[in-house]
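Residue-level listing of the chains:
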Amino acid sequence: MNITKLTCAAGLFLAAGVVGCNNDSLTNLNTNPNNPSSAPPGPVFTNAARLSTGRFVGNGFDLRQTEFVAQHWAEAQYPDEDRYARLDPASTQGTWNGAYPGEMKDLKGVAQAGIALKQPGTYGPAQVLLAWDYEYLTDTWGNIPYSAALAGDSVGGSLTPAFDSQKDIYTGLLATLTKAAADMSSATATNTLGSADPIYGGDPAAWAKFANSLRARLAMRLVNVDPATANSQLTAALNDPAGVFTSNADMAKLVWPGDGIYNNPMTDNFVTRDDHRVSQTLANILFANNDPRVPILMQPVADSSRSGPRGYFGMPNGLVTSAAGVYIKTASRPGLYLWPGATSVGTIGSAANKKNPSYIMTYAELCFIEAEAAQRGMGGLTPGQAAGFYTAGITAAMTQRGVAAGDIATFLAQPGVVYAGGTAGLTQIAVQKWISMVDDGAQSWAEWRRTCQPSTIVAGPGAVINYVPRRFYYPTTEYSINAVNVAAANGAQGADNFGTRIYWDTKPTAAPTYVSAQVCAGTPGTG
Amino acid sequence: MLKLFTRITSVTAALAMVATAAAAQESGTITGHVRTESGGPLTAASVTVGSLGLGGYTNDQGVYTVTVPASRMNGAAVTLTARRVGYSPKSVTIKLSGGMIQQDFSLTANATNLSGVVVTALGVSKEKSQLGTAIQTVSSDALNATHDDNVVNQLAGKVSGVQITSAGTQGGSTKITIRGANSITGNNDPLFIVDGTPVSNYDRGGSPNGGMDFGSAINDLNSDDIASITVLKGPNAAAIYGSRGANGVVLITTKRGSASANGIQTSITSNYTWDTPSILPKFQNLYGQGAGGEFQFVDGAGGGVQDFNDQSFGPRLDGRTMGCTFIPNTTTYDQTAPCTQFTSPVVNGVLQPIPWVAHPDNVSSFFQTGSTFSNNVAFSGGTERATGRLSAGVDNTTGVIPNNTFRKFSSSLAGNFNVSSRLSTSANVQYISNKGYNRAGVGYNQGILEGLYVWFGRQVDMNALKDYQPRADQTFACNGQFNWNCNYHNNPYWIQYQNPEADDRDRIIGSASAKWKITDWLNATAQTGTDYFRANIDQNYGAGNINYDDLAYNGAFTHFQNRNNENNSSLLLTADKRPTSWLQLNATFGANRRYATYNSGSVATDAILASGIYNVSNSAKSPTVNEDVERRQTNSGYGSGSFTINDIWTVEVTGRNDWSSTLPKGNNSYFYPSINSSLVLTDLAPFLKNRVLSYAKLRGSIANVGNDAAPYQLATTYVGNANKFGSLPQYTLTDTRANPTLKPENTNSGEVGLELGFLNNRATLDATYYAKATTNEIVNLSLAGETGFTGASLNAGKLTNKGFEALFTVIPIQTASGFQWTSTFNYSANRSKLVTLYPGVNNYVIGSTWTINEEARVGQPYGAIFATPYKRDAATGELLLSGGLPQNDAGNRRVLGNVNPKWLGGWNNEVRWGRFSASALLDIHRGGNIYSVTNMFGQYTGVLASSINGRQVDWDNPGLVIKGIDQATGKENTVNVTSENYYQSLFENGEAFLYDDSFVKLREVRVGYDLPTSFTRSLRVSSANIAFVGRNLWTHSKVPNIDPEFAYTTGNYQGAEFAALPTTRSLGFNLRITP
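Residue numbers (my numbering), protein chains in the order written: chain H, 358 to 884; chain S, -2 to 1072.
Here chain S stands alone, though its shape is the one from the complex (with noise of 0.2 Å):
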């Protein structure tokens, strides 16, 4: 949108018209390199003519190009000026003469963020000082400082007022929330939009209570043809995009080529990083599996001595090969027992005894040192009618995890072509083909670290699980795998390459525009934008996997796939004309029709007959298929306007009507209305400018924004069932009662907000206070069971979000010398609270995991974890025990927490120094609650480290006195239990596993260096950065065991952990050569 839509700051009627007049004769060219001090370009740098109203941005080389008319190439001297947000604006004096004047620029990084051109809603370039909205932009390089697979992730730290949660897995789904909430059961994503066109965000996630985690949608952009990422922080600023902007708007800019005199340009970077788990938890390697201080292998499934048992509350690992379990009906060790274990030797059929020891690593000796290699090469150049841009990429991760990979194939073509003066076309298409294969499982149900983290054997020798194949002389059936165990878990290897498990999306974002200069005022653009993705899911399971129903069978497969489309259109006509020298007046008006579709298909059977032939004709039994379609659509008109008066005084109005096809009639179309106004207080007091305030602007906000819902929920109907019973057809009502008179939702916002700068601006501040409530809420409400119904569909609730958020900047040093240390501190505080629900409801369940809800309850924030706390004695608040043991108290479930963070911070330090420049970006999250299942089940199977209180000596010995009050007697507990028995005990108690969630990582670290220009000139290029580059390198946590930051989905049931993966930590190198 950047080179569509060239709007100019100060343009005249008078010059217009002659500019007009000179149209048509020949022109004169200004062109030229906008650089950093090092040497790299500036994308996205203004340069204009003030004096006469011409201007041009610089393409991702740092070029830019402004056309001059003729009659004005009258050898005047004007001034020409680069100007970008985050460095010093330069001007100089230049001579109009000649046809081609070439000036290139070098501008110095300047802390400030407070003026300069920013890209906002609708793709409208405005000087930042006009605006009376909050918004942040990120620019390619901070974006790309270090790689991720998922460019959400690569945000983190760096906005204000964005709260990002990595995923719980590789390749999984990165949840980002702006402000907090608004709606209680809905989306809360912010609206994606690449080069205009809306793009989806659709998530297939997991959860802590299992499935496999198929990353968000987004993951599918490469971050390396970004050009620009504008953040509009919520409905103020989005509120011209209407009920999709309420969650805020994440705003896409690609790069795109520009006329260059030098051919084609060809850009190159390369990063390679290798991946480790970050955290992996403290394992206890004092004790094996087995139970009550006994364990003898036989069969895995319980022909032994609690051999069937996936716990380590076994006989101390002290390597005796005899007397692993008791004589009959004592606790005495029978010193004639043998220890057999699922390696043991076999001689004549029968195990033999070997050495019970613990095998310490046996946990982190299955992963493996990950890679991520990521290559991408652009070219780009142009004529002065027609500019293009050919970039492809490729993404190659191998994951921490056996036989787990991740590609991702991405290109991109993007082009420009003036056809005339007046009009300029543009068109761009990406496509990208995203694969996974052999994903991690994610928490209880096919979760691999279930198995491995908590349901383990400490014994277990991982490296004799590798060759997961029955052995020859194996005596034992096992479902046909070399294990362990043999009731409840798959050899981790065995699933790892026998249950097959593949994925990929094919996407395409294509878009077309056309922009009509009808006046020099007025432009109309007409926009025509697609995205549309396939996916496919093939989960495949091999015969004896265990979890699967029918064991008569050769193994089972679901395949699912779906298909996502939406087509926006849009036209939209842009007025911009200063009709005097002190006001400035701009209007907007357009019209969109959005409309999507989306498809999915699933067959699936736990049956097949020839193994290892995962077809639908293959089932051994009638395939269980779905299918489903949704189609909505919504039409729009919108507009605003906005005057500047003496660029100190801007007032904004917008208005938006929508048309929605989801909402019954009388109720589908609805509009809302914002104003937003900045006032640059320096320049309308200038006394208030001293040596060290250099700027102040203060600026404000409302905006009324409402949702439509999603499709289908006005009639309530019959859903049917693709499996007969026998022969019988079956169809249920459904569980979700309609509503036939659903009115739109309303979210009300405002914000205020200022922006200073201190000593010429070295130190900047631009913080914001909002205050925002959605009303009217679409909910699925909870109905209680008894009503016949499980949910409707209700207006409902108050929802209410305040926060304050601040982005600090400053430059500590500088020195003629060229050292420079920078940094930016970003500080994000959200408090959101359910008002009201429904009459006679006061509570929403969020997402559950065992005993504990995550929910929306009156009076609360949105998602309080409701958990079982402890019995207590009400007297005193000690533990009241019974037997020696903890009661876990259900009857009085209640809120014991919440998942929202106090508030979050990201810190960036950077130092340049000549050629070398540092960096390093402190992720700081504060408070906020987790309910961690992995450090419950980790201590009820007795694997955790912290699970060895009460057996330091032996399986029972010394046992546990725990301190509280006995409930029969009233008195201090003198009861003495084992460790096993106490920490069972805890099992479902909400309150002994719920932690609080504050950490800080070391998210990004980047130290450069940019390779010598005599050096890059022989390599033609202009320059060439190498660098060492780290992501997640350290991790400071309060929580035990796991990486504190997982998410399982973009949905709103965050918070619950259960056998996560950990995020990685990445170390490698970058290579950036620019031409």
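Next comes chain H alone, as it looks inside the complex (with noise of 0.2 Å):
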């Protein structure tokens, strides 16, 4: 026993304890000795990255819920998310108060230490990383928390931050993306963040291309309630000096190391589980053009007898539990590349498909989003480029598939193919896009908002709601802990349910335009 601890408490006692014990020894006791308070930029960054990249084009909000909504697959067991039961706000929530504090709040510190030490190789990623988050929370929900965001430990920062309008976020961030692209490509950019970059190996010149051709994401995302900004943006974006994608070889992946501790998060689903059917959205789409991608995204049926062209077969979406059971058998599994190899039904894809990447942004989208601006003369661009950038966008996407060159061709070459401006050039435009797009939900969905193509998506029979949701119900949790303030954007943007329109999701006014005059909502019978 420590005689003189004891002594010193006691007589302090006796002494009506008016003075304390020397208590440094005690304080230092409270030095946490399993975590240093703080670390270097760079495995923040790696794990900052690799949770952005599993969330937004991973396993849960993608694969179980965005991919439903825009449906390239179908749930065929437990289709409560297909049916837009199962995306209430307790069951939506999970990618909101993951991401913000998961990796958001990390990526804004790797920011801030790189600005502090002024370095654009290091807070240049981060901060255009951080953009790809927002943007994906804010098309989902609308109006999120950004400016007072990721400032709970901060002096002064609020534990319940306001919301900020989608207007502003798009502002915000469009202007964050554009300082971030130059400074990468000034000459002080150096590779500061190396290997521990798992996307670009820390290279600035690399990020200020993505930082461009996310650019001109969020530009296009505006065309309906705000062409001029659009416009000018997609100009500024396409024509900035550090330029944007210009092969596959720029799209922005993240490989995974498929070690059994961090594979692709899609095959990790595929293991165990066998529920996911590919849609009749999708199926017929690719069936209707002979698409060589049908081997490539779709698995021939189990049961020959209800099978389609070539031994493929759609499921439909939204279907009650009791219908869609049939379809595990009669519906093709989605493409052999997300599949493990060893699963819980047999042997279905190999191991290898464990280290394939998840795609952050592709160099097909900037493509399809150059022939839409081309078509629609923005960005500096013209109609008659439209078809260029259409052929390149098929070509990147199906060469990021593993499509033979000739096949490629083929396909190209067929009469619905081709492209056909105006309009329908448009339309072609979208549907490639949105083929482009599978497995990455959330921005097709995002884009079937902004275009109402395919226009065959609608809500399946068994649906709680007839329409496509708009957006996400916000988080259950926003209403416990910051009640005052998400009444606050309910207020601005309108109902906290699934048909409330985001700001970019408006009537179509830019022309030419996909749709005359209904506004799509996705209702079965209305197309």
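Everything labelled a hint here was simulated from the structure, so no lab data went into it.
Don't take each hint at face value.
What the hints assert, rightly or not - Derived contacts from chain H toward chain S, CB cut-off under 8 Å, selection only:
1) Pro390
2) Asn391
3) Thr403
4) Gln434
5) Tyr457
6) Gly466
7) Gln469
8) Asp616
9) Ile618
10) Thr678
11) Lys686
Note that the Cβ used here is the ideal one computed from N, Cα and C, for glycine as well.
Take each chain as given, in its own frame, and dock them per the hints.
Put into structure tokens, the structure is as follows:
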């Protein structure tokens, strides 16, 4: 027993405890022996890049929520998400409550550290990836906390951040990307993250191209609500000296180690779950154009008695459980590339698929943005350039999926595929873009809301609402711990439900448009 | 402590002086047995010579020794009094002469709990009449009326103000709360102290969402070694313990040896019970596996029709062998399609049709009759100088599910050595080894019962599953198992035999103390004690286990280990003086140093190479490893002082200052005081006494208690990840925002109590009203994710508890022939309310299961259930239906109930008649809500009998027309829906599966017989009792299908149930042999 200490305590008590013991040793005992109070930016960035990618183009938010809304895939066994029944606030809040504290806080921390060090090679990639995260969140919910967010441990930082309007968020993100691209292409930008950057190995020039390409994505999303800004931002982004993606080699992707610890998250899902089937929305579009991606994006059906063309078959979205079950056998599983080899239903795919990249933004998407900009005469492009970008987009998307060059040429030569120009051309661009975005449900859903393409996306017969959601409900947690601000957001944006349209989701006004007057809702029977 | 600190109620300075002077001379001894009327030994009874200020306590054989200075052995007649709480005191006059005086007592049980000596805070024994706070003592006999592997379970129903919730699985955690929760996010367990040493009730529990419940560490204690348990009910009685007493204290005194003339004495306890699940769900047996009325087994993974499906909305179980599926695009059964099942015989590689029939007992037959066999033997004895007790006990439990066992070995050695007449020393050590094998997983993940209770086919032949190895001619792969479903579930036997789980905890609790008698009224005691345990949990998963990620590999494992140690060293000065005949003064000063460490580590992989080798060197990929170290220290100084006037009025003040390592400089020293007073009204105003009222005492207390934080809450840190991303290290800032300016939290508590005795104490009432409020709570408050953090350490909130507790005891019948009926009723009612939380934040989520939250919400009781109601018509309140189905009103989630019982009661009746005794304890739980996921999923999957509505005739016949208003038309609903669609529409509905958790349990039954003296004498023992015992024999509950009582953890998240193993109904025999 420590007699000194005891005597000290006892003595003090007897002396009415006027002064405290020298308690330095007590205080030192409370220094955390497990975790440091600071960490170098590199490992923090690595972790944030992994989490961001896994979250938005990985297993939960993508594979189980947005992909059903976007109708690349359908749910054959537990169709609650596909019926929008489990897109309730409690089910979707994990993305919100995971992303902000999980990776966005750390990306902000890396950006701040990089700014303090005056290293664009550190803060640039963090800012770009943070903008990419924000875009997913705001396009899912509309108004979200942005300017006051991620400040929980700053002096004076808000523990109940206000929500920003989506308009302001887009303005902020575009400004951030513009500055980041400029800073990273400057002479002082050096490779400071190095190999800790699992996306571009710390190359600031590659990040600058991604920043400009992402800017183009954001700009095009504003085309209906604010064509002028869309045009000026597209022009600036596409003509930025730092450049945009020019080949598949430039695209932003995260290659998974596939070591059993960090596998492609979709392959991890398909190890034990076999309840996804290809949506008939996707299947029918692929079938209609003899798309060579059919055997890549789909697998032959188990029950040949109910197969469609060449043994492949899609299933309708949004069925009730009892109606959906039959499609386990009679509809195609999603492509082999998503499957890890040994699964609970036998060997499907290969172990190499665990290393497949998750695509953060593809070159094909940029081509389709350029094609649309050209068709609209925006971004400094002319309608005459549209066909070239359209062809380049299809070629990039097919190459990305491993389609042989000859098959691409055959596909491109088909009458329904050859670029038609005008509104028909815009529709072709949108549909091809949507196909290219298989396994990125959130972007596909956003593009459908903006373009209403494919027009065959309608709520399923068992859906709990008779339209396709325009946004998700705010998290339940917001109502309990940031109640005043979420109420203000609802006041500004509209009621918190599936039907309220976010800022950029307006009736198309920029000519030419996809749908003349009708506000596409995805309601069955209205097309 | 009883022996350490012998305090006599009336000491005069003059006598003390004489005694001191005489100490060197030869002394005399008064010794003897104190027994119950039936001859059993009475432990911890005090025997005093009041006029001389001398006395002693009985040991666990009921033997007392009083040493009398030789100068007093002068032939004077004095009064010798034996007293014990719960018994009428008895006095005899003896003559002090000779060296050794033998005097035995036989005390009559008395309902009164109002007078006598009780152990209080710091182990100090006091007269109950002088206490200003509420405490209650449970004797060894009452505690051990029946046996349970968890001593806390044995307290259930016996102490007012205490809520005990038994574990949701055998060997699991039992939750104990005294007077409601004080802390919003922290620990609400009482402090457990064994012989002056705080001991851990560390818990590694599960949750309704999954995991395993490895039990609470207090399970380690051997109840046969316990002499008595004193419950200090909250901050008032426990104020001197400071921070740690805020939730009350459970003081455990273990048995000690004593000087005995007959050499070593041996006592034996033996208990054997047969255990069965007390409640099983009621299943339907009309419909088998499948959905939409169809089922055909091909590969259990979707190869047949609905054969991947783990629900029971398939075809009617009418013995058909053909026609279990429809002709395509119709609902007409195809009579050419064979009804194949997983048990179908195989001919030429093809499954053959077999009759489609129910297996009504398929779930119940998985359970077996378990057993608990416990034996304890204790030896004790000694001389005047030195005494000792050695005890060893073994508990062997065979679980109610296959291949599940628990073993506990406990041993205890306690010794006292009187170095001189002034210096006495004492030491004790307990070693406990606790082992569990193949515990039942709880809740949704790993839970063996989720597979049996809800996701199961009613036609599944459990007997066929016993042989879980794949059959030679098996046509389907099924992950290398023989099983009814290959997509989602392991064969339950496969889990128990191929996913081996083993856990063990080795523990040492020990203390040593020395007491120096400075003068007759002043003592100094130094004590040091330790509680150390080391625990391992090995969870292994065999090749083919369906729940782990990489099927290419041959198994997986998680190995967890921890070490927990707390050392306390203290110095205590106690003074007790009676300067004049009407005044008694007491004072205590002490200091304590507490140093605690916790280390844990785990290594896990979901891929091993060689099957069956669960060693990290056999990992097929980088294993996941973790380690964690925590250290904390608290230095304390404390003291109390009291005066008693004329044995009528007592006032005591206490104060304590803590210096804690877990709070920042400047805030880490905090002081808290308390004051209490008691007044014996019937002595103050004797005219109050009459034929009815024999005793009345009023008491009251006000206390203030602080509390520190968990370690490392002051600085936000980065957490590394031992797994590299490829080769890249990873760090992230923790999601909990730290707080460098934390302050101690503060509980204010007041109580008033009244103790009444009637009809010469044949009936007594001890009642307390209390109110307490905790402010400045150190909470890990949930933050909105957009702050970048999910939680923050903050001082926030105000949580209040008010309540009433009472203990009423009456002896309705007592006859000269020795017949006595004693009835005891205890009652507790607590109301909690969260008054404030944090600006802008009105809610903290304690836990979440599916869509229900259990919350601390401003304006609500702690543990409010926030859930999804039905969508209803605003005008009529009727259900709003869509397509004939009820809707979940997710946008209108709100508080629909709370987990707190309205009141708790325990009613014990004991009848003694000669050698026979019989007792029965009813445990009553009134009100409060629970949320049952078993009921939700059991209807969703159509296995429960309650899901049969709408398919009494066929799978879609007659269907259901739900009463309500059609949302589209606004008219009364007329749409007929199938049973399947109706029950599945209730998924995630909170309102439908929230139940009133009122229940009554016949907790304990004991029918005992004391063997005749002639017989015991031939065995050379003083008594032997054989009894028939039973626990949880009967339950009355409003909750269908499940045991209304369950806990997965000692943590704060209680009240949400999913697939908990019911408490066991135990019946058996008990034998006690006392020397």
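How the hints compare with the structure:
no. : hint   : result
1   : Pro390 : holds (5 Å)
2   : Asn391 : holds (6 Å)
3   : Thr403 : holds (4 Å)
4   : Gln434 : holds (7 Å)
5   : Tyr457 : holds (4 Å)
6   : Gly466 : holds (6 Å)
7   : Gln469 : violated (11 Å)
8   : Asp616 : holds (6 Å)
9   : Ile618 : holds (5 Å)
10  : Thr678 : holds (6 Å)
11  : Lys686 : holds (6 Å)
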